[in-house]
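Protein chains in written order, with the UniProt record's numbering: chain A, 1 to 738; chain B, 1 to 132; chain C, 1 to 158.
There could be a bad hint or two in this list.
[What the hints assert, rightly or not] Straight-line alpha carbon distances no greater than 25 Å define the calculated SDA-like cross-link-like pairs of lysine to any residue that follow:
| no. | chain 1 | residue 1 | chain 2 | residue 2 |
| --- | --- | --- | --- | --- |
| 1 | B | K124 | A | K275 |
| 2 | A | K275 | C | G142 |
| 3 | C | K55 | C | T103 |
[Said to hold, decoys possible] Far from chain A, by Cβ distances over 12 Å, these chain C residues were calculated:
| no. | residue |
| --- | --- |
| 4 | A2 |
| 5 | S11 |
| 6 | L33 |
| 7 | A48 |
| 8 | T49 |
| 9 | A78 |
| 10 | L109 |
| 11 | I131 |
It is worth saying that the hints were derived from the structure and are not from the lab. Even glycine gets a Cβ: it sits at the ideal position worked out from N, Cα and C.
One letter stands for each residue in the lines below.
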Amino acid sequence: MGLGLLASRALRSSRIIRNSTRTIVSTPELKNADAAAAAAAADAPSDLPKRNPVGGARVHIPNPDDVIEVFVDGYPVKIPKGMTVLQACEIAGVDIPRFCYHSRLSIAGNCRMCLVEVEKSPKPVASCAMPALPGMKIKTDTPIAKKAREGVMEFLLMNHPLDCPICDQGGECDLQDQSMAFGSDRGRFTEMKRSVVDKNLGPLVKTVMTRCIQCTRCVRFASEVAGVEDLGMLGRGSGEEIGTYVEKLMTSELSGNVIDICPVGALTSKPFAFKARNWELKGTESIDVTDAVGSNIRIDSRGPEVMRVVPRLNEDINEEWISDKTRFFYDGLKRQRLNDPMIRGADGRFQAVSWRDALAIVAEVMHQIKPEEIVGVAGKLSDAESMMALKDLLNKMGSNNIFCEGNGMRPNADLRSGYIMNTSISGLEKADAFLLVGTQPRVEAAMVNARIRKTVKATNAKVGYVGPAADFNYDHEHLGTDPQTLVEIAKGSHPFSSALKNAKNPVIIVGAGVFDRDDKDAVFAAVDTIAKNNNVVRPDWNGLNVLLLNAAQAAALDLGLVPESDKCIDSAKFVYLMGADDVNLDKLPDDAFVVYQGHHGDRGVYRANVILPASAFTEKEGIYENTEGCAQITLPAVPTVGDARDDWKIVRALSEVAGVGLPYDSLGAIRSRIKTVAPNLLEVDERQPATFSTSLRPEVSQKVSATPFTPAVENFYMTDAITRASKIMAQCSALLKK
Amino acid sequence: MSQILKSLKVPPNSASLEEARTRTFEFFRMCCRSIPHVMEIYNLHDVVSPSQLRSAAAAEVRKNANVTNPKVIDMLLFKGMEELMNIVNQSKQRHHIVGQYVVGNQGLVQDVSGKDRDASNFLKKFYSSNYS
Amino acid sequence: MASVVRSIFQSIKEKGIGNFIKELKQEGYVRCLADGNLLQTKIHNIGATLVGVDKFGNKYYEKLGDTQYGRHRWVEYAQKNRYNASQVPAEWHGWLHHVTDHTGDELLLLKPKRYGLEHKENFSGEGDAYIYHSKGHTLNPGQRDWTRYQTWQPTKKE
Numbered sequence: 001m002g003l004g005l006l007a008s009r010a011l012r013s014s015r016i017i018r019n020s021t022r023t024i025v026s027t028p029e030l031k032n033a034d035a036a037a038a039a040a041a042a043d044a045p046s047d048l049p050k051r052n053p054v055g056g057a058r059v060h061i062p063n064p065d066d067v068i069e070v071f072v073d074g075y076p077v078k079i080p081k082g083m084t085v086l087q088a089c090e091i092a093g094v095d096i097p098r099f100c101y102h103s104r105l106s107i108a109g110n111c112r113m114c115l116v117e118v119e120k121s122p123k124p125v126a127s128c129a130m131p132a133l134p135g136m137k138i139k140t141d142t143p144i145a146k147k148a149r150e151g152v153m154e155f156l157l158m159n160h161p162l163d164c165p166i167c168d169q170g171g172e173c174d175l176q177d178q179s180m181a182f183g184s185d186r187g188r189f190t191e192m193k194r195s196v197v198d199k200n201l202g203p204l205v206k207t208v209m210t211r212c213i214q215c216t217r218c219v220r221f222a223s224e225v226a227g228v229e230d231l232g233m234l235g236r237g238s239g240e241e242i243g244t245y246v247e248k249l250m251t252s253e254l255s256g257n258v259i260d261i262c263p264v265g266a267l268t269s270k271p272f273a274f275k276a277r278n279w280e281l282k283g284t285e286s287i288d289v290t291d292a293v294g295s296n297i298r299i300d301s302r303g304p305e306v307m308r309v310v311p312r313l314n315e316d317i318n319e320e321w322i323s324d325k326t327r328f329f330y331d332g333l334k335r336q337r338l339n340d341p342m343i344r345g346a347d348g349r350f351q352a353v354s355w356r357d358a359l360a361i362v363a364e365v366m367h368q369i370k371p372e373e374i375v376g377v378a379g380k381l382s383d384a385e386s387m388m389a390l391k392d393l394l395n396k397m398g399s400n401n402i403f404c405e406g407n408g409m410r411p412n413a414d415l416r417s418g419y420i421m422n423t424s425i426s427g428l429e430k431a432d433a434f435l436l437v438g439t440q441p442r443v444e445a446a447m448v449n450a451r452i453r454k455t456v457k458a459t460n461a462k463v464g465y466v467g468p469a470a471d472f473n474y475d476h477e478h479l480g481t482d483p484q485t486l487v488e489i490a491k492g493s494h495p496f497s498s499a500l501k502n503a504k505n506p507v508i509i510v511g512a513g514v515f516d517r518d519d520k521d522a523v524f525a526a527v528d529t530i531a532k533n534n535n536v537v538r539p540d541w542n543g544l545n546v547l548l549l550n551a552a553q554a555a556a557l558d559l560g561l562v563p564e565s566d567k568c569i570d571s572a573k574f575v576y577l578m579g580a581d582d583v584n585l586d587k588l589p590d591d592a593f594v595v596y597q598g599h600h601g602d603r604g605v606y607r608a609n610v611i612l613p614a615s616a617f618t619e620k621e622g623i624y625e626n627t628e629g630c631a632q633i634t635l636p637a638v639p640t641v642g643d644a645r646d647d648w649k650i651v652r653a654l655s656e657v658a659g660v661g662l663p664y665d666s667l668g669a670i671r672s673r674i675k676t677v678a679p680n681l682l683e684v685d686e687r688q689p690a691t692f693s694t695s696l697r698p699e700v701s702q703k704v705s706a707t708p709f710t711p712a713v714e715n716f717y718m719t720d721a722i723t724r725a726s727k728i729m730a731q732c733s734a735l736l737k738k
Numbered sequence: 001m002s003q004i005l006k007s008l009k010v011p012p013n014s015a016s017l018e019e020a021r022t023r024t025f026e027f028f029r030m031c032c033r034s035i036p037h038v039m040e041i042y043n044l045h046d047v048v049s050p051s052q053l054r055s056a057a058a059a060e061v062r063k064n065a066n067v068t069n070p071k072v073i074d075m076l077l078f079k080g081m082e083e084l085m086n087i088v089n090q091s092k093q094r095h096h097i098v099g100q101y102v103v104g105n106q107g108l109v110q111d112v113s114g115k116d117r118d119a120s121n122f123l124k125k126f127y128s129s130n131y132s
Numbered sequence: 001m002a003s004v005v006r007s008i009f010q011s012i013k014e015k016g017i018g019n020f021i022k023e024l025k026q027e028g029y030v031r032c033l034a035d036g037n038l039l040q041t042k043i044h045n046i047g048a049t050l051v052g053v054d055k056f057g058n059k060y061y062e063k064l065g066d067t068q069y070g071r072h073r074w075v076e077y078a079q080k081n082r083y084n085a086s087q088v089p090a091e092w093h094g095w096l097h098h099v100t101d102h103t104g105d106e107l108l109l110l111k112p113k114r115y116g117l118e119h120k121e122n123f124s125g126e127g128d129a130y131i132y133h134s135k136g137h138t139l140n141p142g143q144r145d146w147t148r149y150q151t152w153q154p155t156k157k158e
């Protein structure tokens with residue numbers, strides 16, 4: 001961006017071609033068709049070329065009276081009151097260099113890189129910390145501003161080591177880019193550079209503290225977003241350094257994000273260190289499936305390897321953060337992989353066979369078994385296409401015993417509002433009271449937890465929590481551990497019920513761990529009563545949420561993966577596990593034939609008779625629906641390993657070998673089949689809210705039991721086959737698990 | 001061997017179909033005569049027998065059995081001669097010979113059982129690879 | 001010459017004829033019959049001073065006086081049937097080649113060894129096992145594995 005701007009300025013200064021030129025700004029006009037910005041640009045004096053806001057920045061003006069006008073390099077810009085000079089410049093289409101300023105963190109104003117000249121001000125001002133005042137005349141490319149930037153850059157480079165060739169940030173480093181664009185071509189520094197002792201922040205973040213330029217972004221991130229007061233600033237002057245006050249690891253589930261926000265190479269990824277340079281990597285925009293949030297990620301791969309995972313911006317789901325599990329599980333994709341179809345011989349040993357033989361055996365066994373004894377289980381990481389195919393296959397065989405692990409044996413798939421997050425993740429920011437029922441969002445869905453924390457910090461919303469003792473990084477009230485508390489709140493006899501009653505936008509979040517409880521219907525009935533009594537579900541506000549645990553759950557319920565009987569496992573003779581590792585097979589009869597289709601040799605394979613290797617989510621295209629009901633699509637970043645095949649292809653091939661051919665043989669065809677069952681799954685990247693509210697549930701006679709809620713996720717870092725295979729995750733859980 | 005082949009060249013034209021036919025047979029015999037040498041220089045004894053190579057050569061010739069235009073036959077003979085020269089002069093490598101004449105176009109894994117004869121296109125592709 | 005014969009009889013008397021022949025064999029006198037080079041060394045050795053023996057058993061001789069200058073230091077290799085110059089370890093090399101007057105033993109005492117590899121003779125022409133292959137080479141037993149993933153091992157039980 002900076003270079004493009006320079007180029008455009010160079011063009012502008014040559015008077016001859018002035019009228020026929022437009023600035024080279026990356027954003028096409030389509031993206032920022034905001035009225036105010038367009039108006040601002042339209043008002044530009046006719047002798048100046050048009051400018052577009054930086055990075056598609058939009059101005060949202062809540063109150064038309066609060067509009068002020070400032071001039072950036074002579075362009076008039078209309079902005080709401082309270083914006084800073086830097087933001088005004090961004091809207092005017094001027095990219096101001098910055099290190100410490102980050103739009104999602106508080107303003108520090110200590111790097112001084114964003115200095116601009118303001119008319120009638122004696123000195124250049126730090127634009128990130130200066131509120132824009134009406135009629136302010138801001139100049140960003142005057143000699144004074146340029147000289148100020150050069151000076152600041154010279155100071156920053158004084159103590160910055162010249163180790164770009166061995167630095168992992170090289171190529172994506174703000175300091176590198178900005179010193180090219182705004183720095184001087186020489187320095188006057190001849191003394192020794194200072195050096196700083198590296199800090200140990202744990203197994204994820206590598207520190208090279210000598211490279212630090214004291215922007216304090218990481219300190220602010222840790223205390224404001226992650227909610228851990230681990231990092232801080234020590235010392236003064238050239239002795240100033242970032243550190244944990246005492247030797248301490250950074251114990252946050254969001255700690256990996258400091259790698260992204262660090263503008264230099266001081267904080268880099270430890271597992272990625274010296275593995276690749278960023279210009280060798282191929283980025284694939286995909287979706288994370290390790291939890292139900294569906295964070296938007298970019299999978300950076302080199303050849304057949306996934307080298308790293310970085311977040312993508314999605315304001316509605318993960319903003320620009322991702323959890324550590326999402327960022328660092330990727331080495332699990334390279335370990336414990338199943339790469340050949342295998343059959344367990346008479347001696348209990350597995351033997352690699354061809355696909356032809358493996359499918360023939362499965363088909364033969366499948367036909368010898370009574371239809372009602374066939375059970376299919378979809379795993380945590382299954383995509384919608386393969387679940388659809390599996391359900392169709394089993395239905396064609398005459399069985400309807402298919403479910404998705406994590407949804408329990410008696411899932412309520414009747415109403416979509418009964419199992420998705422109706423408020424939506426970004427909608428949580430409007431809430432002013434939370435009631436968390438049997439859920440620990442910090443370990444179940446770290447991004448949702450970050451959103452709740454943001455809300456609590458911003459609006460002082462009250463948080464009540466019912467469940468086992470848990471770790472929160474914001475103020476909360478622990479109301480109780482068992483469902484009886486819910487009944488009390490429903491009756492209004494509990495002190496917290498008044499907080500709920502007084503709240504304008506109350507939110508109730510029920511954890512998916514409740515699905516496995518015997519008294520699940522009663523718990524949901526109690527929650528419904530609370531919702532009704534406190535006006536949680538209104539036409540303009542639906543605050544009744546279920547927080548799911550796994551990426552496959554929502555899609556499975558949408559597709560109707562509901563078992564015919566909740567005891568089907570006990571009498572099953574043929575079980576088809578599609579990546580299901582955590583389903584309880586203790587009650588399965590010993591003579592049952594188990595087929596495991598999956599990509600990792602995890603818990604599921606040890607009971608299997610036949611193994612069919614499938615591709616992991618980084619290797620296939622598949623639709624996943626996240627907990628708020630937003631369908632998103634993964635894209636293949638790397639090729640499948642060995643002889644593995646895509647999940648839906650295996651099911652489709654098996655159906656043909658078994659003589660009950662499914663009528664689709666391409667992804668497009670299977671999606672049109674999905675369209676007839678759950679059309680919302682095809683509205684990719686668009687949240688589809690539920691049509692009806694939960695008040696239509698049938699009456700429940702069940703009584704809540706006194707059994708306390710149990711934690712749904714034992715170990716944040718290891719929840720599924722991929723993360724359990726990952727060495728980094730194993731290290732994390734050994735070192736950081738609280 | 002290569003010296004002999006160098007002296008034998010296909011003359012520019014065949015006047016009649018009969019002449020072209022004779023020439024084709026001559027060419028095929030030349031191929032057959034060069035087979036032992038080819039087996040030797042490419043070290044093919046462990047993968048193929050001379051008779052298999054002979055039938056591979058014959059198959060190549062038969063592929064064009066329907067051609068009746070002497071000019072076209074001359075052209076094909078020229079190409080065949082060129083190929084034979086390349087092989088005998090060892091301008092090719094072992095894997096070229098193995099790939100083109102030993103394994104053939106069908107690939108190494110040949111379905112001889114005929115089990116998949118009534119399988120759908122999808123299933124055939126499924127068995128061969130994930131990407132096809 | 002007479003003294004040589006006398007000393008031979010002396011040692012036969014001391015050790016017995018069997019042991020004497022065994023020693024002859026070990027010391028390479030038998031080999032001398034086929035290897036003129038060794039024979040010359042043995043003849044040279046008569047009257048020379050044994051300066052030292054290195055850890056491999058190579059014997060270093062010196063004879064000053066009537067020897068031509070530059071031929072007054074030599075080595076008798078420990079191995080009698082397969083010997084070459086690369087069997088001389090580094091510490092003796094300097095003495096043998098007139099780089100220094102310190103013998104190998106003195107050098108070892110003078111400079112305690114802190115790093116450095118054990119001396120290894122040159123095995124060129126001694127078979128494939130002794131040829132160096134880089135780590136990507138087909139013949140390197142620890143050839144680099146280009147598979148980028150690890151497979152699950154079915155034998156491993158939970």
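Right, here's what the structure says about each hint:
A hinted pair counts as satisfied when its Cα atoms are at most 25 Å apart, and K124 (chain B) with K275 (chain A) does not qualify at roughly 39 Å. With a C-alpha separation of about 22 Å, the suggested pair K275 (chain A) and G142 (chain C) falls inside the 25 Å cut-off, and the hint holds. Under the criterion of a C-alpha separation no larger than 25 Å, the hint pairing K55 (chain C) with T103 (chain C) is consistent with the structure, at around 13 Å. The non-interface label for A2 (chain C) is consistent with chain A: the shortest C-beta to C-beta separation is roughly 76 Å, beyond 12 Å.
Residue-level check passed: S11 (chain C) sits 67 Å from the nearest beta carbon of chain A, beyond 12 Å. Non-interface call for L33 (chain C) relative to chain A: holds, since the shortest CB-CB distance, roughly 63 Å, exceeds 12 Å. Every CB of chain A lies more than 12 Å from the CB of A48 (chain C), the least distance being 58 Å, so the non-interface label holds. Every Cβ of chain A is farther than 12 Å from the Cβ of T49 (chain C); the closest lies at roughly 57 Å, confirming the non-interface assignment.
Residue placement check: A78 (chain C) keeps its beta carbon more than 12 Å from all beta carbons of chain A (closest about 47 Å). Annotated as non-interface, L109 (chain C) keeps its C-beta farther than 12 Å from every C-beta of chain A; the closest such distance is 41 Å. At roughly 31 Å, the least C-beta separation between I131 (chain C) and chain A is larger than 12 Å, which holds for a residue marked as non-interface.
The structure fails to meet hint 1 from the earlier list, while all remaining hints are met.
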